[in-house]
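**Q** Dock the two chains into a complex; use the hints.
Protein chains in written order, with our numbering: chain U, 33 to 374; chain X, 359 to 904.
Read the hints as simulated data drawn from the structure, not as lab findings. Owing to the predicted nature of the structure, the values given are computational and were not obtained by experimental measurement. Yeah, the Cβ is synthetic: ideal placement off N, Cα and C, and Gly gets one too. Incorrect hints may appear among the rest.
Reference excerpt, derived from the structure (chain X facing chain U, CB under 8 Å, subset only) [as the list claims (entries may be wrong)]: (1) Gln559; (2) Pro562; (3) Thr596; (4) Asn599; (5) Val683; (6) Ala865; (7) Tyr867.
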Amino acid sequence: MRIFRTTATLAVAALLAAGLAACGDGGRSTDTLTIYSGRNESLVGPLIEQFSQETGIKVEVRYGDTAQMAAQILEEGDRSPADVFLAQDAGALGAVAKAGRFAPLPAEILDRVPAKYRAANGQWVGVTGRSRVLAYDSQTLDPADLPASVFDLTAPEWRGRVGVAPTNASFQAFITAMRVQHGDDRARQWLTDLVANDPQIRNNNVQIVADIDEGRLAVGLVNHYYVFERAKELGVGLDDLRVRLHFFPNGDTGALVNVSGVGLLTSAADNANARRFIEYLLSPAGQRYFAEQTFEYPLIAGVALDPALPPLDDLEAPDIDLNDLDTLAATVEMIQQSGLTT
Amino acid sequence: MVRQEAMTEMTGRARVGTRARFGHPYARWRAWHRIAPRPVLLLASVLAVGVSAVPLVYLAVRTAEAGWPRIAAALRTPGLVELTLRSLALTAVVTAGCLVIGVGTALLVVRTDLPARRFFAVVAALPLAIPTYVAGYAWVSLVDNFHGFAAAAVVLILCCSPYVYLPTVAALTGADPATEETSRALGRGPWATFVGVTLRQIRPAITAGALLVALYVLSDFGAVAILRVNTFTLAIFTSFNLGFDRTGALVLATALVLLTMAILVGELLARRTNARYARVGSGVRRPPARIALGPWRPVAVVGVAAVALAALGLPAAAMARWFRVGVSRPGSLAEIAAAMGNTLSFSAAGAALTILLALPIGLLGARAPGRVAAVLDRLTYVTHALPGVVVGLSLVFFGINVAYPLYQTPWLLALAYAALFLPLGVGAVAGAAAQAPPGLEEAARSLGRGPLTVFRTITVPLTLPGIGAGAALVFLTCMKELPATLLLRPTGADTLATELWTHTSVAAYAAAAPYAALLVLLASVPTWLLAVRSGATGPAVLGGGS
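One chain only, chain X, in its complex shape (with noise of 0.2 Å):
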């Protein structure tokens, strides 16, 4: 690392050098590109964050007709102050929890003596497939007076611990184990190899799924609203249903936005370099040796499966229960086959939309890292921070002024899902990115390839399944979203999550079961894929070594 940041400097000078000397149009240029280096990649990046910025117009505008008066009454709601503070107290306390089990897990999974580690790796990740609602309703319905900020952290740490647990997992079994035992015939011991060696590689991978962790949990609306913790994104819900206020609502969005704002600035500063650890050169990737938990052994098991009990199998149960006391019925399996080819659908649409926007922003920031790719990276973070209703209504304005054709189609909505959730496709991208070094494309090049064919032939085939795994990623979770859908998709249009709020809302719950466990086990499969492809069952599975 030390050697290559030695050698930016040096070309850097390098650079300075040769603009001193020529004053023609080439140094400017060359000048220019310093600053703004790929200059198409910049441009389709800042449409793609245009794009993510949809809602942050619509709320800028709204909140600037409201008026200072109305804007004054809006924040003087009382609690605001409590409201902002409970908020950021549970992001603080679901993202600490999400790290213990999501690295613990990855750490047990992929570099422990664990037994059935492969069904492990897979269940671990099998959460992300439940929507927080499901969840929440799930331990309301068996629990005894389950409410309030410890039992939505619960619900929120069970739900969101894969975001963590996946990236570590990859960082892991991407790492060079021969670091690691160079730290240790240096004659470091294995905890300071560990934390200097280990921890170190898999950090920004961790980071990454942190920072999801938390922007979600500022956005999350169904736990919150179950288990009746008042959080900024549940006051804001709240404020739609009382008096049906509209602006006060959108004042307390941009007040979340100024917040995430302050979460995201706090995180680029506290950042330090951008290091990267990508393994590069020849030899066959191989498994880093494993440790033996010994008498540790029944209690992983113990821990991992209890986890995975109350993250999976109460849910389960849950369904199960709800479906045997009631005696309502979903409809015909024709309604439940169109709901599920809607919600198909729809999330393809989004998936497609939403990795498409996320390629340039994620190259340019694999391959032109710096303030710039930093900056546009992490706008597309403040709509991910938002609520579904937020950006629904954001799009519904967008829909019926800018884009009327669009308006009600799928197009629209799949545009929803792409602000809502770029950041889990660019993140996807920027990690593909990584896998296909610069220097394999320069190399081609300087061998007469042309860019084309370099992208077809290099370029492609090195970043697809990281991109295809980004896909995954954001299909699954759009198939969970529920307010955005129901502002924007076309009228008549069910999916099984509006299905599911048709009937858990008129307390047919087991009309809504069905609906609910098809909707876990359809998002089950893109998740079994993630899972799969973070490498945590094991090498050389799909794509896993090259």
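Next up, chain U with everything else stripped away, as it sits in the complex (with noise of 0.2 Å):
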């Protein structure tokens, strides 16, 4: 018993003391450069680090999920810490622009990258291209059998067999695109036979590019590297996995290719920094890093590509400006009123 109080009270202590300890960190230096990541630590912390051994600038970066990120920077408002925010999907990026929270781009940095993929008004630039694609399972498919269109995916054969994420942002911009491109009847149309079609929903991509690859799943509307890092993690070849790529043809609303990007906060549009570190995403070395590590496409010219990937220029993607994709929220709402997410 005394033994036990005797415990207690040391362990309160000293709970007390690491709670204290762990509260004498809290101050901010302004000299630094804050970045809000939406991408993933193992995904961009070593470009970051490369950047900040480079130019001796010191860089704090936080990390979280790109939805909840935003709403963390709209949250804060002019008090934001962020300097930069760099964001895994270009709806993310036009939500914060909207907000009146980005500063426009110098030109110098915007004419880096093609106009369709970045804002027209110049408050966010692409930084890598991903194409959506059709990943299939090729023990029990022959790339004869894929579809063409993303529109023949509603067709009896291919009735519970399709993997969809409809709460990832990418397949919200795919369903934008499609509006955009076929008008919004026929992209409600496909909903609802979809819908009908006894689609398999996930969480995210990785979940449909596993669930393809063990077998469970036929076929899945996801982005074009999360076969590479499938791949990566199970250190083998793309060639030894049992899913593949299919890129849809004829400029196909399913083969759209969409944009990770970075903004600039209204805070740090002085902030020579940030300017350095944007720059420095859309150098060759940066844009390299993104080809050879995250399996992306580089969006400025003359990078060379991951040799398993067609270029960017072969790909027949539709010819979709991004910036027509800011109706996001007539999407979200059919996307809801399809029931795809209940």
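**A** Shown next, in the form of structure tokens:
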């Protein structure tokens, strides 16, 4: 009993002391660069490290989920400690830009990237490209069996065999693109037909790719690099995987190329370090990193791709300006009304 | 009990009489004192509840800002009714499952001759160390086609049953066997005695555990997201992701608050008298008689072992498999150590703050039970049922607008933990305070000791073990928390939970496995302490008897 009392007292004292110690380093310095990254640490951490070493700029990175981080930036308002927001998805950048939280980027940065992969008002710029693909199980499906259009996936032969992640931002951007390309009625019809065709709902793209590779799912609508990530985790080549990539041809909406991107917070409009970081992301060294390490498409000219990928220019992507994908709210309502998320 | 209630009634009547006779200030003070007994404790409790209500204030502000059309739009979310019913159904099923497993295991461990019962006593508590997102991933990666309502119910029941098991064990070991023996001596059979005496004695503990389970299920994100059951909390997360719609998400969260309040009011109304079954009196505490299971012994062992295997063995197997199959590896030892250090220090700060805030509320509930104390106590549960992301965002709002110097410091994170987990602390403090009957303090006061001396020599020593147990419970719960931690941690500070999230979101399960294992191992230490303290492993261990 006495021993327990002593232990308990000591434990409480230790708890308090540890709590106090934990709070000693609360001060924030203003001369460092603070990045809010909605992109994963294992994907961009090494590049940021590399930037810090080459420039001597001290960088603080806050990692989080892109959507929740956008909410955080909006909640923080003018007092946000963030200088730069690195986002997984153009939609999140659009939401922050719409709230007036981004400063316009200088033309010399914007001009490095094709106009359709950056904001028309210059408030954010794309950093890497990612293509929507149909991932498929190569053991049960022959490339010849695969549909030429995403619209074919609502046919009876694909009943219960198509994996989708409707809460994923890249899926939403894809539906927005379908609305832009074919009109609201056709997009709504496709969603309705998909729901009627027993779609296999997954939480995210990672699960879709894993389920296809383990033979639990025939095909799935995902971004191209998830298959590369899986090969990397299993320590095998792309060809050793059961899951393979099918790029939709003929400018089909299913082959939309979307971007991850970056924006400069208004509070950091004059922050030279922040500008330097964005320039670094769009430098040959930065772009090469993404091509080699995250298997994404570089957006500046003259950077080599992963050999397993068809060049960006060879993709028969739909001719869609990402700036036209700014009607996310209508898309969300359409997805919800279709019943895909319930 | 009956006599005690009658006494209260008598003193009540006496007081009325006093007030009628004397109209002077002292009588008025007495009258006020009856409405608000222990004013200092009450004030401190209101302040503490205020802290836990920060997220509610935030939700009210944002919902009011949203305006009626926006609220109406969010409430028109298709399937909102199904969503509500599904959440409630999951809550009911999981709570029922936890009651069966929690109470059943507690009875087997404490009241029967179950073989290896000390071992099982600890094992039954250990699932508390496993975050639901780890358990969810584990099941999905090992069992084909494991998803949906039933799957989520299984995972949640396995993870949450210790919330019922631990208090039930404590109540069973703390109960005086003499009451049961009297019942048997008066001619009641074993079953009638169990229902009429034993169950009644442990009912408050069971109810408290069940309430924690129910509200946890409402707020859980990890298991339902991975196992794809669309619940209210998942819909709130989805709403953040769908079109980056903060307002819609927050309006839904407000609806969840109303739902929670309905459950709490229902529970308060359904509760009968505030009966307390403390053992007061001299004599040595002795263990009750154990029931011989006879031919049922093997069945019981297989049952308990099967639950343990599903709850602990399966996640362990999954982690081993991730590590074996994948080639990704966690960062350097220094990185792992840093994450571990942050997990420990943030959780320690969270536990310390939570207990500090829980002290006045728990003491008020124990010393001045009544409507006011009950309402204050239940208010702390409302935030407990909110998803971590909402609580996190509300403290971003609070930090930016009210407590900027604290923003992105561990203190604000500790405040979020306190807001989220206050009921866990309050329950422990109230239980501990019941161990120190006011009669003892009054006796010491009447013998001439000062209030501080009484506090130091009577109250603290008697309540400290229970409060320590509460701190351990909050500590381990903080360790597992993810969404609020992501939003509020100091920039650049990783914890074991955030590292786990980092690696699992890029499918680097092998890199995630060591973090998951470390998190579970570290959380097992306070869990083990809780199991031992509950008295399940036998009498007179760590403050078991006095």
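**Q** Each hint: holds or not?
**A** The hints, checked one at a time:
1. Gln559: Interface hint status for Gln559/X: violated (24 Å vs cutoff 8 Å).
2. Pro562: This hint is violated: Pro562/X lies away from chain U, its Cβ roughly 24 Å from the closest one there, beyond 8 Å.
3. Thr596: holds, 5 Å
4. Asn599: Check passed: Cβ of Asn599/X comes within 4 Å of chain U, closer than 8 Å.
5. Val683: Holds, because the Cβ-Cβ distance from Val683/X to chain U comes to roughly 7 Å (cut-off 8 Å).
6. Ala865: holds, 5 Å
7. Tyr867: Since chain U brings a Cβ to about 7 Å from Tyr867/X, closer than 8 Å, the hint holds.
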